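Chemist: Going down the list, the sequences are from chains A and B. Each residue of the first sequence is one higher than the one before, counting from 1 in this note's numbering. Each residue of the second sequence is one higher than the one before, counting from 1 in this note's numbering.
Hints were generated in silico from the structure; no laboratory data involved. All figures in this text were calculated on a predicted structure; none of them were measured in a lab. Each residue gets a CB set at the ideal place from its N, CA and C atoms; glycine is no exception. Do not take every clue at face value.
[Stated by the list, open to error] Covered by chain A, per the in silico footprint, the following chain B stretches (three or more residues, Cβ under 8 Å):
hint	region
1	78-85
2	99-111
3	129-141
Number of protein chains: 2
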Amino acid sequence: MSRTAAKTEPRPEASFAGRLNAAATETEHLLDRLLSAAPADREIARPHRVVEAMRYASLGGGKRLRPFLTVETAALFGVRRAHALMAGAAIELVHCYSLVHDDLPAMDDDELRRGRPTVHKAFDEATAILAGDGLLTFAFDVLARPETHPDAAVRIALVGGLARAAGLGGMVGGQMLDLAAEGRFGRNDTPQGEQDVLTLQAMKTGAILHFCCEAGAILGSAPKAKREAVSRYGKAVGQAFQIADDLLDVESDTATLGKAAGKDAAHGKATLVDLLGRDGAHARLGELVKEAESALSAFGEDAAILKAAARFVAERRA
Amino acid sequence: MSRTAAKTEPRPEASFAGRLNAAATETEHLLDRLLSAAPADREIARPHRVVEAMRYASLGGGKRLRPFLTVETAALFGVRRAHALMAGAAIELVHCYSLVHDDLPAMDDDELRRGRPTVHKAFDEATAILAGDGLLTFAFDVLARPETHPDAAVRIALVGGLARAAGLGGMVGGQMLDLAAEGRFGRNDTPQGEQDVLTLQAMKTGAILHFCCEAGAILGSAPKAKREAVSRYGKAVGQAFQIADDLLDVESDTATLGKAAGKDAAHGKATLVDLLGRDGAHARLGELVKEAESALSAFGEDAAILKAAARFVAERRA
Chain A
1 MSRTAAKTEP RPEASFAGRL NAAATETEHL LDRLLSAAPA DREIARPHRV
51 VEAMRYASLG GGKRLRPFLT VETAALFGVR RAHALMAGAA IELVHCYSLV
101 HDDLPAMDDD ELRRGRPTVH KAFDEATAIL AGDGLLTFAF DVLARPETHP
151 DAAVRIALVG GLARAAGLGG MVGGQMLDLA AEGRFGRNDT PQGEQDVLTL
201 QAMKTGAILH FCCEAGAILG SAPKAKREAV SRYGKAVGQA FQIADDLLDV
251 ESDTATLGKA AGKDAAHGKA TLVDLLGRDG AHARLGELVK EAESALSAFG
301 EDAAILKAAA RFVAERRA
Chain B
1 MSRTAAKTEP RPEASFAGRL NAAATETEHL LDRLLSAAPA DREIARPHRV
51 VEAMRYASLG GGKRLRPFLT VETAALFGVR RAHALMAGAA IELVHCYSLV
101 HDDLPAMDDD ELRRGRPTVH KAFDEATAIL AGDGLLTFAF DVLARPETHP
151 DAAVRIALVG GLARAAGLGG MVGGQMLDLA AEGRFGRNDT PQGEQDVLTL
201 QAMKTGAILH FCCEAGAILG SAPKAKREAV SRYGKAVGQA FQIADDLLDV
251 ESDTATLGKA AGKDAAHGKA TLVDLLGRDG AHARLGELVK EAESALSAFG
301 EDAAILKAAA RFVAERRA
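Just chain A, with the same shape it has in the complex (with noise of 0.2 Å):
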């Protein structure tokens, strides 16, 4: 794990890997621990079938990008870790259970996940929908423990931001947009232009991440600047994801996706790399980097780990 090398100043590319994979094992432990307790407060059979299926949906799997960035943005404010981490992990359990639902036969009809079945593929249908249902709720389950931080009023801060960003202005408008996309409601819902795909976008994958950074300057209670700071990185580094994963799509195949890989081509739906080409779309990454990073300048070298994850995030192969 330790270098031999006498540096005293590591790169932050490579404390980044270290700091990233750090977020990922502890949410992980966490998930498995919060996704093991017994329900508390009645006298109840275990489903087990469901809490399995939540189990597979969560652990074992994935980069963490989103508790990663809620831990890293409430570092910056002096929040404990163990606060930050619940929190991500909240978040996590929204991100888990949108894959579940967006996966189903009704939906996008995925069969591969991470490498794996997808849940209704390696349970069923119904078990999905539970799933998905189960984990999203338990998210609110989650931010409303004191474990998550002393204050109510920053608890329930949490509450309301994630709700936004995973409902109707968020998430589940943003995946009911990619739906009409596909013109399966008839062409006139259709996204034509760069702007209704950015919209779609911001909304779909955007609205999240930049949650999560955010929720890092709620937990610290932190002040308007700094929180609009934080607040416009997120909003770049959630752009800049979305068109690294559409170049993902074109660019890379299913074994090194873990999932099907050309499908938004097969579904006629216009990606910013159709609407500004391959060379186009690598800079506008480029520029969100540059707006990403300057967005934390007033944070200096403190911000040096964000500042490397939203090159990361631009970058990434997989």
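Go by the hints and put chain B onto chain A.
Modeler: Same frame as chain A, now just chain B:
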């Protein structure tokens, strides 16, 4: 609306019906307003189709028993009606989401609900899944708003309580046990005796009805003994509700119910009516009404409406 008879004391049943209708009308207007507002905070496109499906699923029907229970238990503790209605609306959103998802082809595969096509019939399956997700998420958005209660500690207690009642230890877990009771996943998961059936029902429908009453006490920062009294009442009402539902399933027809009748027998699911017989089930209902009334004895006449509600739940014919 007003009676000409010169009664000075209206019978509790008469004023109960008026109070139930009043809460239903106010809840309808509130849900309509909440579901009309543009999602705040983000420059988003309005994903019309899922909004329409969410409105279809939650407006224009239902007795609104759940918000009524919250409003009336809250009234015992002097809670502002506007606060109780917000909390009741959030619970109703969760109730409506659960109906949309339970009706899906992969779940109970129902085509009729409140005398109208179910959401996946009126729209499509993908929209129904998303509308359910949107309603569940929106419930927590509503609870997080200062409009629900000025005290963040009260709001976060509501969030935690609703998440537990709706989650693994409640609604989601209960629906899983219910699917298992049909023998879908092999007969070894099937509940066999009275205790299994009671547990399943306490989770699937009881937990949320129970929470409706607890929410009133939470909103009113009720002292421990009174909170426990209201909780005992809610538990009895939840059990009575389910037994009455099972009796309706065998004693009523589809036109009266507005949903398919005779489904339990068709699915080979044991209910308390099977285990106790119809006479036994009616006797049990009588006991539960007595238990509900006795739980509220300390409130005297203030609880007359809630006691009438327990009788209504036990004796309802649709």
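Chemist: Establish whether the coverage given for the region 129-141 of chain B by chain A is satisfied; the threshold is a Cβ-Cβ distance below 8 Å, and no fewer than three residues must meet it.
Modeler: The restraint on the region 129-141 of chain B holds, since 10 of its residues have a Cβ under 8 Å from chain A and three suffice.
Chemist: Given that the region 99-111 of chain B was listed as covered by chain A, double-check it with a C-beta distance under 8 Å for 3 or more residues.
Modeler: holds (count 4)
Chemist: Taking 8 Å as the Cβ threshold, is the statement that the region 78-85 of chain B is covered by chain A upheld or broken by the three-residue rule?
Modeler: violated (count 0)
Hint 1 alone, counting from the list given before, is not met by this structure.
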